[in-house]
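**Student:** Here is how the chains run, residue by residue.
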Amino acid sequence: MDLLLSAIDILMRWDVALALLAGSVGGVLIGAIPGVGPAVAIAILLPATFSMDPIVGLTVLLGIYGSSMYGGAIPAILINTPGTAVNALTTYDGYPMTARGEPRRALSLAYSASFFGGVFSVICLILFAPVLAKVAPMFGSREIFLAALLGLLLVVVAHRGQALIAGALACLGIFLNSVGMEPVKYTQRYTFGQDFLGSGVNLIVVVLGLFALSQAFVLLMDEDEKVHLNKLRGGMFQGLRELARHPRVTAVSASFGVLMGMIPGVGEFTAQFMSYTYAQKTSKRPQDFGHGSSEGLIAAETANNAVPAAAMVPLLALGIPGEALTAMMLSVFYVHNVVPGPALFQNDMDFVVALYLALLVLNVLVLVFLLFATRSLVQVVKIPNRFLGVCILTLSFVGVYSLRNSATDCLIAAGFGIFGFILKRLSLPAVPIILGMVLGGIMEVKLRAGMARVKEPLDFINRPISFILFIIIILVLASHLLRVWRDRKELKEAEWQTKTASTSFGQLMSRRKNSFLKDRGKEVRARHSKLLRRLRGLF
Amino acid sequence: MTTERERRFVGPRRGQLIFALVFLTLSVLLLALIGEQTAWVKKTQLFAQPRFWPAISLGGMVLLGGLHVYALPWRRTSRYDLWEARLWGRSLEFAFWFMGYVLLVPLVGYLPVTLVFVPLLARRMGYRGGWMLGISLGFAVAVVVVFKAVLGVRIPGALLYDYLPAGLRSFFILYL
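Protein sequence lines, in the order shown, are assigned to chains A and B.
Residue 354 in our numbering sits at position 354 of the first sequence, with consecutive numbering throughout.
Residue 1162 in our numbering sits at position 162 of the second sequence, with consecutive numbering throughout.
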């Protein structure tokens, strides 16, 4: 109880209240504009939060992170375009509901499901916090190294069909982190004698380039789309009543969101996929999924909104971000000399609970805002793409230049912007680079510290948690290799089924004829007939 | 005809081979420079060597990048790859716009440059009406006021502000 009161005391400030309001409303707006997304907004705002108190800065960023998915559901439902990437599944059932004249029902259902997911995860985590506080101190250098390695591995293998290049890009992130003056032996690494590389490649510069500038380039080179909006009819509160009719799907989806959110590198997509599959399999009307099923919409929206609060667990308890957005938030902690990790849970538990309470209040604020302001809010989807690109380019300047007032930083960011643009054009992931940079730094420090106390390599995993983490890493690797082997087998089978060369006798003969007519074929035939004549001559 | 391997490839075909080859070549070049660009310290454990993490990361880039090239279903570039590479080059124009903006702010000032930059780029993108010009100007003012005057982000005053009268100069340096 004392803990809760001291957490409330931290939040009882006018600047925190303002941050909550700005974060929630700003997040919904950003989420509702297709093509912006929380990553761009957080990247731009990050340097501006450095001058704020940690709780204020983090509340703004958490607000954007937590509420953008609420906003992202609006264009997903109304114009079949997800506002944020994680709202893609919402279009499956949300847009068909709009098409049959029920946009308000779909929106209110999405808001209600998102609200339940958000509140459920925060309550779970507040209740779970004392357990975490006991478990977190068991994580020493070796355990944190292995957890970071596991996080990186999960991010890589999560990119099905692109694991090789995702792994290579994660390695690029680790390499970028190693550039500059090395902090223990004070030697230069890949600075090429340039002073500006001596202090290394700044994470925020890379983040702004890869997320904000690249998105600006994509929008600036894109065409404007004509958006047609349907009129909103019906009550906005019916979703709350309808949600109460599907308690099982709601609870299971929220639980999936909490569980998947806590695992680094897994996140919203897996949670949504599992919830949606579960809802479809257990539904009395599975044929409705993808055609405007309320259960499908509930599963997708509940699961993705349960993730943000849960994603803060590995960040706060171990200092390990699970995805790009929490990786950006980590830099806010570092700027204020607040080191997330086991010590934070032991010494500043009230700060952790205050963050969770802020998320709880945020969900209420967002729901109230959306229930009353949706009609006006839907107009933001009409902002033309290329003008958005102009806006993002202008705002990116604030993000990069305000860091160190360095034109070189801006040049590096522009370079990463073009690199990010290429990655987006090729549908290749940029997130492994960011996680490689963040987790690479953690792994370097923790491996050095961990190995200093180890005599033999096997001693590295002689503690229960490190051993469990090691086994999980082996299992993840083994299951990935098994999946690759199965995919390869399937490919071979499919190739065999579509191959006509060995099964069509006519084609075989035709190829043989073509071969005979070519010069090389004639040579071979002449040699064979010569041999045949010699053979005949023998008899 | 599209093969099964090509059909199962995640992402578009255009540009993949060029990107993969350039990525691999740069990785190999950086790995080749490891002896020159990193140090090996005597009487230090392998894991604490300054060269250890660059070697791991560049080794990973070469190995995984090489395997990615090997696994690609294409061995030759097509005209679509070249068109795609040209499109990547076209994005340089906006990088130059951005760098122009960056270089002009310390000379002319955050507000004046933003007031010119946003409407000019909007015009370049095809928004030539009075309505969009007004929105661009409004957006430019809002950005400067919110970030510099309200949030107080660190953007230094311009050289041009030195020529302003004393009272106005400090106001401009602090807020605009």
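It is worth saying that the hints were derived from the structure and are not from the lab.
Here a beta-carbon is modelled for each residue, glycine too, at the ideal position from N, C-alpha and C.
One thing to keep in mind: the hints can contain errors.
Partner residues are not named here, just some residues of chain B that face chain A (Cβ under 10 Å, in silico) [what the hints assert, rightly or not]:
1. Phe1052
2. Leu1058
3. Arg1128
4. Gly1130
5. Ile1135
6. Leu1137
Calculated cross-link-like contacts (lysine-lysine; reagent style DSSO-like; alpha-carbon spacing at most 27 Å) [what the hints assert, rightly or not]:
7. A/Lys284 <-> A/Lys226
8. A/Lys226 <-> A/Lys455
9. A/Lys518 <-> A/Lys530
10. A/Lys513 <-> A/Lys489
11. B/Lys1043 <-> A/Lys185
12. B/Lys1042 <-> A/Lys185
13. A/Lys455 <-> A/Lys185
14. A/Lys424 <-> A/Lys226
15. A/Lys455 <-> B/Lys1042
16. A/Lys455 <-> B/Lys1043
Sample of chain A residues with no beta-carbon within 10 Å of chain B, all distances over it, derived [to be verified]:
17. Phe333
18. Ala414
19. Gly417
**Student:** Hinted pair, alpha-carbon criterion (27 Å max): B/Lys1042, A/Lys185. Please report holds or violated.
**Tutor:** Roughly 11 Å between the alpha carbons, so the hint for B/Lys1042 and A/Lys185 holds.
**Student:** Have a go at the B/Arg1128 hint: is there a Cβ in chain A nearer than 10 Å to its own Cβ?
**Tutor:** Nearest chain A Cβ about 12 Å off; hint violated.
**Student:** Closer than 10 Å between Cβ atoms is the bar; does B/Phe1052 clear it against chain A? Give me holds or violated.
**Tutor:** At about 8 Å, which falls below the 10 Å cut-off, the nearest Cβ of chain A leaves the hint on B/Phe1052 intact, so it holds.
**Student:** Within a Cα-Cα threshold of 27 Å, do A/Lys518 and A/Lys530 meet the stated pairing?
**Tutor:** OK: A/Lys518 and A/Lys530 at ~18 Å, within 27 Å.
**Student:** Taken at face value, is the distance from the CA of A/Lys455 to the CA of A/Lys226 at most 27 Å?
**Tutor:** violated (66 Å)
**Student:** Do the alpha carbons of A/Lys424 and A/Lys226 lie within 27 Å of each other, as the hint requires?
**Tutor:** Within the cut-off at roughly 23 Å; holds.
**Student:** Below or equal to 27 Å on CA atoms is what counts here, so check A/Lys513 against A/Lys489.
**Tutor:** violated (33 Å)
**Student:** Between the alpha carbons of A/Lys284 and A/Lys226, is the straight-line distance 27 Å or under?
**Tutor:** Since the Cα atoms of A/Lys284 and A/Lys226 sit roughly 38 Å apart, the hinted pair is violated (cutoff 27 Å).
**Student:** Any CB of chain A closer than 10 Å to the CB of B/Leu1137?
**Tutor:** violated (12 Å)
**Student:** Go through the hint on B/Ile1135 and say holds or violated, using the shortest Cβ distance to chain A against 10 Å.
**Tutor:** holds (8 Å)
**Student:** Does B/Leu1058 pass the interface check with chain A, least Cβ-Cβ distance below 10 Å?
**Tutor:** holds (6 Å)
**Student:** With d taken as the least Cβ-Cβ distance between A/Phe333 and chain B, does d exceed 10 Å?
**Tutor:** holds (19 Å)
Comparing the model with each numbered hint stated earlier shows that hints 3, 4, 6, 7, 8, 10, 18, 19 do not hold.
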